[in-house]
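Enquirer: Chain by chain, the residues run as shown.
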Amino acid sequence: MEMLLSPANKEMGIDALIALIKVAVIFGALLVLFSLMTLIERRVLAFMQFRRGPNRVGWFGILQPAADGIKLFFKEEVMPEGAHKFLFFAAPVVAIITAYVALAVVPYGGPLVLPFYGQVSVLGRPLDIQIASLDVGVLFIFAVTSLGVYGIVLAGYASNNKYALLGGLRSSAQMFSYELALGMSWVSVIMAAGSFRLTDIVATTEQWGIWPWMILQSPAFIIYMIAACAEVNRTPFDLAESETELVAGFHLEYSSMKFALLQMAEYINMITVCALASNMFLGGWLSPLPGLLPNSPLWFFAKMLFLLFVFIWVRATVPRFRYDQLMRFGWKRLIPAVAIWVVFYSGLTAGFGERKSPPTTMAARVVAAPGVSR
Amino acid sequence: MPDLDALYTSTLNGFEVAHAGFVQVALAVSAFLFVVGTVGVFVRRNVITVMMCIELMLNAVNLAFVAFSRAHGTIDGQILVFFVFTVAAAEAAVGLAIVIALQRHREDLDVDSFNIMKG
Amino acid sequence: MILDVILFYGAAIVALASGLFVIAQRSPINSAFSLIVTMCSLAVMFAMLGSGFIAVLQVVVYAGAIMVLFLFVIMLLNTKQDEGDRGGGIGRAAMALGIILALQSMVVVWKGAETLPANQRVTTSADVARGLFSSPRFLYAFEATSILILSAMVGAIVVARKEKGK
Numbered sequence: 001m002e003m004l005l006s007p008a009n010k011e012m013g014i015d016a017l018i019a020l021i022k023v024a025v026i027f028g029a030l031l032v033l034f035s036l037m038t039l040i041e042r043r044v045l046a047f048m049q050f051r052r053g054p055n056r057v058g059w060f061g062i063l064q065p066a067a068d069g070i071k072l073f074f075k076e077e078v079m080p081e082g083a084h085k086f087l088f089f090a091a092p093v094v095a096i097i098t099a100y101v102a103l104a105v106v107p108y109g110g111p112l113v114l115p116f117y118g119q120v121s122v123l124g125r126p127l128d129i130q131i132a133s134l135d136v137g138v139l140f141i142f143a144v145t146s147l148g149v150y151g152i153v154l155a156g157y158a159s160n161n162k163y164a165l166l167g168g169l170r171s172s173a174q175m176f177s178y179e180l181a182l183g184m185s186w187v188s189v190i191m192a193a194g195s196f197r198l199t200d201i202v203a204t205t206e207q208w209g210i211w212p213w214m215i216l217q218s219p220a221f222i223i224y225m226i227a228a229c230a231e232v233n234r235t236p237f238d239l240a241e242s243e244t245e246l247v248a249g250f251h252l253e254y255s256s257m258k259f260a261l262l263q264m265a266e267y268i269n270m271i272t273v274c275a276l277a278s279n280m281f282l283g284g285w286l287s288p289l290p291g292l293l294p295n296s297p298l299w300f301f302a303k304m305l306f307l308l309f310v311f312i313w314v315r316a317t318v319p320r321f322r323y324d325q326l327m328r329f330g331w332k333r334l335i336p337a338v339a340i341w342v343v344f345y346s347g348l349t350a351g352f353g354e355r356k357s358p359p360t361t362m363a364a365r366v367v368a369a370p371g372v373s374r
Numbered sequence: 375m376p377d378l379d380a381l382y383t384s385t386l387n388g389f390e391v392a393h394a395g396f397v398q399v400a401l402a403v404s405a406f407l408f409v410v411g412t413v414g415v416f417v418r419r420n421v422i423t424v425m426m427c428i429e430l431m432l433n434a435v436n437l438a439f440v441a442f443s444r445a446h447g448t449i450d451g452q453i454l455v456f457f458v459f460t461v462a463a464a465e466a467a468v469g470l471a472i473v474i475a476l477q478r479h480r481e482d483l484d485v486d487s488f489n490i491m492k493g
Numbered sequence: 494m495i496l497d498v499i500l501f502y503g504a505a506i507v508a509l510a511s512g513l514f515v516i517a518q519r520s521p522i523n524s525a526f527s528l529i530v531t532m533c534s535l536a537v538m539f540a541m542l543g544s545g546f547i548a549v550l551q552v553v554v555y556a557g558a559i560m561v562l563f564l565f566v567i568m569l570l571n572t573k574q575d576e577g578d579r580g581g582g583i584g585r586a587a588m589a590l591g592i593i594l595a596l597q598s599m600v601v602v603w604k605g606a607e608t609l610p611a612n613q614r615v616t617t618s619a620d621v622a623r624g625l626f627s628s629p630r631f632l633y634a635f636e637a638t639s640i641l642i643l644s645a646m647v648g649a650i651v652v653a654r655k656e657k658g659k
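Protein chains in written order, with the numbering used here: chain A, 1 to 374; chain B, 375 to 493; chain C, 494 to 659.
FYI, nobody ran anything at the bench for these hints, they're computed from the structure.
Everything hinted at is true.
Straight-line distance between alpha carbons at most 27 Å, and here's what the computed BS3-like set of lysine-lysine pairs gives:
1) Lys-75/A / Lys-85/A
2) Lys-10/A / Lys-22/A
3) Lys-85/A / Lys-162/A
4) Lys-655/C / Lys-332/A
5) Lys-162/A / Lys-655/C
6) Lys-85/A / Lys-71/A
Facing chain B, from chain C, some residues (calculated, C-beta under 8 Å):
7) Phe-539
8) Met-541
9) Ile-547
10) Leu-562
11) Gly-584
12) Ala-606
13) Glu-607
14) Thr-616
15) Val-621
16) Ile-642
17) Ala-645
For clarity, every value in this text was computed on a predicted model and none was experimentally measured.
Using N, Cα and C, we set each Cβ at its ideal position, and we do this for glycine too.
Chain A on its own, in the form it takes in the complex (with noise of 0.2 Å):
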């Protein structure tokens, strides 16, 4: 017993107990976020189709998640007869894992500092707002996106049904065929900031200062956006699962609470895809206008709103691809663009970078934030 007890292993323990505090308030912020997304989304569709949302639930329609949450929760579960049963019960699992891992290795904020008290430090350890502070952060989620495909793949498999199977199928090559385009338009990030830690990739954006970095990366932006869309199967890539479309896909059997945690997967994958973004090419959280206002964790999720906005925006514009224009787009387009993106920046960083190693993490210094003196 006093082996369990050593100071090592004390320190692990202090160390994975805040973790587990810090996972407890970043997945009740995630699930109150996707519950606010549904909301959102369909008001927000509304709004830009000249109609109303959903209004009449709670005041301007707050309490409708809760309530479409109370009636998936009473739907009959109905399982296909012949499905593969094991199968069956893991696809929602797989995909909704997947989705929440990606969130634990993101950081939401630098180092907490409170205004007018200072930096937050819990038992001698000073508190970063990010779960996880990985070394190969970025590849991690790179990973754990790969790992999302299984989910789509055993749920059409499973559910003993051709069309759901076509469906998952379909869907799942459409977001491998943009994985590789989604990793190669990291490339250039990954090559200015020196690191997969994403801590490290917005100190570089604080040492270049937000905007150039913003400039000089934006078509690396641009490409990220649009495979993205395709990664998550969003409109306009979301021809394997719409509703009107190939009898809405690989998620056709499932019910109730299955299918609330496919959706769920969906929307956590969604706000994955922009948390990266804003921290990868938009500065996380640092704020835009450097000298005037200070850097806090409210800009990135600020950013991240509205990529998500875009992301709405987006599929209510513009109408949605045929699967073989979607395929041919992929492979025969984005990712030529995204290769002759990273030739070009690597021509870039070989003409004018300066050879140097990977920063000094944010962990290592402290942001000063009004009202506190260093």
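Given chain A, work out where chains B and C should sit, using these hints.
Expert: Using the frame of chain A, we list chains B and C on its own:
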């Protein structure tokens, strides 16, 4: 009870050093998986399953490479793992293309039945 | 510390069990899923051995791409699911002997690896990159693998293409 904590941790230039006993266990697991993969190649009849057992063997070899890289402190093992990834991906792609082409000509995928050139 | 030990041994046990399931399952899809579980547990073992970069690459390349390819081929080809061991009794005896051989090799390697040193530091992706690009031996091989992948891509497309007119 040995001092597991001293055995398992120390820091070297601020980097956490991980655990002394792991290399042995990793090599043993690698050997087991390799032999299991070989048995699978001999015993299974479906072509795709045979290819999956070959991938299992390659994974076991990757584990051995990484374990030795940790043991000797050089990075060469991990770089070789990098190359094994690429070669395994290329081989899986071409192998599955061949399987698809074979399946067009005959319906079953039993390795015993591809015996036209026998004798 | 204790969490690392638990994770490593847990991943080792899962890898051993799912490795056995890969060859013991009847249908190829179950074998494929067991192989995916094996690969992910091997990734955990890589991370515990200090190479997080290789762990993440294992998930991206193997579990995320190669196994998806396998799953697609299995699902689209509708392979017959009734194949089992080769010839019934002989097949089961072969598998049992094979597992005994596996256990023996495990013991032999365990004994042989007792004298290996194992106290090196955790390696980062920068270390792997430095090793890969700084010595001409690996750099040449790296460029050669890019040509290898290109030829594999072209070869796979040509082999799997439907013949004209059919």
